[in-house]
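Enquirer: Let's have the full structure, built from the sequences with the hints guiding it.
Protein chains in written order, with our numbering: chain G, 1 to 479; chain S, 1 to 417.
Derived by calculation from the structure, the hints in this document are not laboratory data. Do not rely on the hints blindly, as some may be mistaken.
[To be verified] EDC-like cross-link-like pairs, simulated, lysine to aspartate or glutamate; straight-line CA separation at most 20 angstroms:
| no. | chain 1 | residue 1 | chain 2 | residue 2 |
| --- | --- | --- | --- | --- |
| 1 | G | 448 | S | 149 |
| 2 | S | 404 | S | 353 |
| 3 | S | 356 | S | 407 |
| 4 | G | 460 | S | 149 |
| 5 | S | 230 | G | 279 |
[Said to hold, decoys possible] Here are some chain G residues the structure puts well away from chain S; computed CB gaps all over 12 angstroms:
| no. | residue |
| --- | --- |
| 6 | 57 |
| 7 | 60 |
| 8 | 97 |
| 9 | 102 |
| 10 | 175 |
| 11 | 192 |
| 12 | 299 |
| 13 | 318 |
| 14 | 327 |
[To be verified] To give an idea of the chain G side of the interface with chain S (calculated C-beta under 10 angstroms), a few residues:
| no. | residue |
| --- | --- |
| 15 | 94 |
| 16 | 385 |
| 17 | 446 |
Keep in mind it's a predicted model, so treat the numbers as computed, not measured. For each residue, glycine too, the CB sits at the ideal point set by N, CA and C.
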Amino acid sequence: MIYDVAVIGAGVIGSMISMELSHYNLSSVLIERFNDVAMGTTKANSAIVHAGFDAMPGTLKAKFNVEGTKLMPGICKTLHVPFKQCGSVVVAFYEEQLKTLQTLYDRGIKNGVPDMEIIGRDKLRELEPHINEIAKGALYAKTAGVVCPYQLAIASAENAVLNGTKVELNYQVEKIDYDENSKIFSICSGDRKIEAKYVINCAGIHSGKVASLIGDNSIEIIFRKGEYMLLDKNQGHLANTVIFQCPSEMGKGILVTKTVDGNVITGPSSIDIGSVDEDLSTNSDVLDSVVEAARLSVPEINTRNVITSFAGLRAHSPTNDFIIGESDVNPSFINVAGIESPGLSAAPAIGVYVKDLIVKKLGVSMKEGYELSRKAPVRFNELTNEQKKELIEKDKRYGRIICRCETVTEGEILDAIHSPIPATDVDGVKRRTRAGMGRCQGGFCGSKVVELLAREHGLKLDDITKFGGNSKLLVGKTK
Amino acid sequence: MLNYDIVVVGGGPAGMAAAVKAKECGVDSILVLERAETLGGILEQCIHTGFGLHYFGEELSGPEYADRFIQQITEKNIEYKTDTMVLEVTADNKVYAVNSTDGLLEIQAKAVILAMGCRERPRGALNTPGTRCAGVMTAGTAQKYVNIDGYMPGKKVVILGSGDIGLIMARRMTLEGAEVKLVCELMPYSSGLTRNIVQCLDDYGIPLELSCTVIRIHGNERLEGVTVAKVDENRRPIKGTERFIECDTLLLSVGLIPENELTREAGIELDPVTSGAVVDESRQTTQPGVFACGNVLHVHDLVDYVTLESYSAGEGAAKYVLGTAPEKRYITTKGVGGVRYIVPQKVNLNAGEDVKLYFRVGRVYKGASVVVKYNGYEIMRRKKPRLAPGEMENVILKESELAKFAEGGLVEISVEE
Ligand SMILES: Cc1cc2nc3c(=O)[nH]c(=O)nc-3n(C[C@H](O)[C@H](O)[C@H](O)COP(=O)(O)OP(=O)(O)OC[C@H]3O[C@@H](n4cnc5c(N)ncnc54)[C@H](O)[C@@H]3O)c2cc1C
Ligand SMILES: Cc1cc2nc3c(=O)[nH]c(=O)nc-3n(C[C@H](O)[C@H](O)[C@H](O)COP(=O)(O)OP(=O)(O)OC[C@H]3O[C@@H](n4cnc5c(N)ncnc54)[C@H](O)[C@@H]3O)c2cc1C
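Expert: What follows is the structure, given as structure tokens:
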């Protein structure tokens, strides 16, 4: 089959674009090298929906951030993705930083950011009782929020699947040929081949490499690593909004916020690590400096409450802006590259923009009666007692708790394993249900999740991996 | 809504012993709730022997020790529900639980006994840098894979932390044909029982390196190795002592954390050192009618002590329900100078019996004395050949002594060298 469109990379960008395209009368495929969607940068970032005052006016970053943030509440609601519009504060800790607040405010106005306000220390302390006492004031932006980034990608990819998009996982694109006569791309991985009329390159940190597969060497991507620490939910009181410090040349600095799930997160560091080694390791000196910086905002932050740390790689382009549009080498090849922060915030708007581009090229119309949403995942933990009762009466598997820390039931895990993009490994279950994301980090439920995965997929326990590939959890039977 | 006199949360050795005792004290309406498929708690996966030496005077395996109590639960017709998770204990002693047959259970109890045990500290809590590959797990998780599921988590093993579970697993993995390359311990002493070091490491030639830790985890998909280094007095890695050890499995035995989410959410006061509830000698917490015992209260090395403690809690809860609990006139206890904590944190002068104070020291002492003071006056001094953080100690406050104390008094225990 020859697809109308092939999207390379199932991060939040590729997934959003695929979803938008799936609402139109065209055929499309979403290609991903890993065994699940949302395995790249989309699973490890700050998860902030930025208000939009950071980027310089006139840049794509500014445009898509403001538009994306506007779309975000509606999209999350439609797709049943956790999102909280908690607002953000950029805090001035020193007298001289108060000027910066005004600069950011003015820039926000130029970018079209609504609902901003410069607030004094009293109002700030009211919003954030645990903020450092020396804080002088802040830029308060009410449209900012926190979202679950991998859920957003999973949900949009699921919606695409429900509307007919094919998802090809474990497909590392290594070669792309273009036939000038038929105007068809052959997208190859080993001896496998996918054919399509248009290609959209959303390969994240590898978008430069994927572009070069058609001879487009114009895109340089530098991996800019950010490390984080995640604190127990019982520290949730430490932050109500997203707490930023005043930006410096090195970026937006260390933030402290409550995640959409109620944990406290702090980070990210910012270190360029070249463009070859996908090094996602964490480092003690870096994390030490993260904590130190975080304590300027919220002095009570204590590493005793850390439940995990992780790192993500920004796809930084030296142009300092998103690269979105036709490749100079081939107009049927669309680059969506250099999507570093605020890429997550911008994703809904980028999705619509790229869809419009393709729809125009193909001249196709909207599908009638397409699926708007996906099946709403059950979140047992969030139900009222009455709802819990009712649910278990209907299906007793929701009465069996598998993950004790996050109170995730067998029913929810089975739903994830049988969803439109089935969870096939332990981390896949974790991203879809939160089983194993709590304070014991899967110590208790890990082996139970392995059992369920094996049972449902008809595999042996030692076939099950943490995240695909050779990440096996067990190495065979005992004697 | 169901009604019971006593609801016990957790059906491990602690919960079972407490239920048995409460029944013996005359309370009939008791319900034990356990989230696992069977009663027995963590003992079910401890197939090695070494349980019951103190209490039964025999060496039993974990499941054998548990069976003795499961039998009593059956004989005494104590009601229990397995596969049932308690979700909430409220300020007025209502218990919410869930399972797949009854759905959501709402139970009004007169007294609640918390016996949820503890969990192992995960990797995240250590903040060990490196990658997040497969092959890193807690020793208890590995124990479950090996002993219950019959699967091996790996073949070349490094164990971080010399807690008892780690030591036991070093031997278990060796017996299953894995190579345990090293057990490394951050502290200058092991937190495990001496007998476990001898029987699980020495007897198998497994090296134990003290003042040593894993400073980096390597491997993209599956673990490929760890970097270990010596640490100084402040537990900071010493430059130049790093070495790489190839392995596919890293087991963590770096401490246990009492499982007190329910306790915290109920608003019950916790002791920052034990991470368990603050209790009196009957193991009553700061919420009237709520008792706690076993590993949820403080981490025990030996199940025998868990049993004894749980009897106190069972009896306390029974008296509370029957209205025969003595009036409260408290003194407090406090560990100072080398003593990290004492349980119970409060003692009722009307207890009407001798009271045992359990405590742990912060480091290893040789030939030191344990000193007990009441309001600053020394009332007891005992010379000890050896004191170690891994072994729980106790002193007894005689009933006759309690009679001499005044309400609001302070009993302190310290170590003097
Ligand atoms: C530290 C950090 C903090 C951030 N904080 C925020 C924030 O707070 N707010 C915000 O809005 N944004 C933030 N971002 C940016 C945001 O995370 C990214 O913009 C967004 O996740 C990018 O999504 P993506 O789909 O482009 O990339 P990815 O999620 O990386 O997706 C690309 C996909 O392409 C696949 N792929 C690559 N090469 C191939 C190939 N050859 N064949 C097949 N598949 C391939 C990859 O496996 C991957 O799944 C942050 C980023 C980082 C790193
Ligand atoms: C690996 C290992 C080796 C050991 N070796 C020895 C040894 O050699 N000798 C020795 O004497 N002792 C040993 N011990 C110690 C001994 O096993 C413990 O002291 C004892 O099991 C503690 O009993 P407990 O009832 O407090 O906790 P647990 O045995 O942990 O029982 C707690 C129970 O509560 C249940 N529970 C928790 N939360 C809920 C909830 N919300 N709802 C319902 N149920 C809940 C749990 O499922 C569990 O069954 C060992 C312990 C371990 C882990």
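Enquirer: All hints, please: hold or fail.
Expert: Status of each hint after checking the structure:
1. For the proposed pair residue 448 of chain G and residue 149 of chain S, the alpha carbon gap of about 10 angstroms is at most 20 angstroms, so the pair holds.
2. Only pairs whose Cα atoms come within 20 angstroms are accepted, and residue 404 of chain S paired with residue 353 of chain S is accepted, the gap being roughly 13 angstroms.
3. Between residue 356 of chain S and residue 407 of chain S the CA atoms are separated by roughly 18 angstroms; this keeps the pair inside 20 angstroms, and the hint holds.
4. Between the alpha carbons of residue 460 of chain G and residue 149 of chain S the distance comes to roughly 11 angstroms, so the proposed pair stays at or under 20 angstroms and holds.
5. This hinted pair does not check out: residue 230 of chain S and residue 279 of chain G have alpha carbons roughly 26 angstroms apart, beyond 20 angstroms.
6. Separation of residue 57 of chain G from chain S is adequate, the least Cβ-Cβ distance of about 39 angstroms exceeding the 12 angstroms criterion.
7. Distance check on residue 60 of chain G: its Cβ is at least 32 angstroms (rounded) from any Cβ of chain S, clearing the 12 angstroms threshold; non-interface status holds.
8. With a minimum CB-CB distance of about 30 angstroms to chain S, residue 97 of chain G clears the 12 angstroms threshold, and the non-interface call stands.
9. Consistency note on residue 102 of chain G: stated as away from chain S, and its beta-carbon is indeed over 12 angstroms from all of that chain's, at 38 angstroms minimum.
10. Consistency note on residue 175 of chain G: stated as away from chain S, and its beta-carbon is indeed over 12 angstroms from all of that chain's, at 23 angstroms minimum.
11. With 12 angstroms as the threshold on Cβ separation, the claim that residue 192 of chain G sits away from chain S holds: the shortest Cβ distance comes to roughly 21 angstroms.
12. With 12 angstroms as the threshold on Cβ separation, the claim that residue 299 of chain G sits away from chain S holds: the shortest Cβ distance comes to roughly 19 angstroms.
13. No Cβ of chain S comes within 12 angstroms of the Cβ of residue 318 of chain G; the nearest lies about 27 angstroms off, and the non-interface call holds.
14. For residue 327 of chain G, the shortest C-beta to C-beta distance to chain S comes to about 31 angstroms, beyond the 12 angstroms cut-off, and the non-interface label holds.
15. For residue 94 of chain G, the suggested interface contact is broken, since its CB lies about 30 angstroms from the closest CB of chain S, more than 10 angstroms.
16. The interface hint given for residue 385 of chain G is met, as the beta carbon of that residue sits about 6 angstroms from the closest beta carbon of chain S, less than 10 angstroms.
17. The criterion of a C-beta within 10 angstroms of any C-beta in chain S is met by residue 446 of chain G, whose closest approach is roughly 6 angstroms, and the hint holds.
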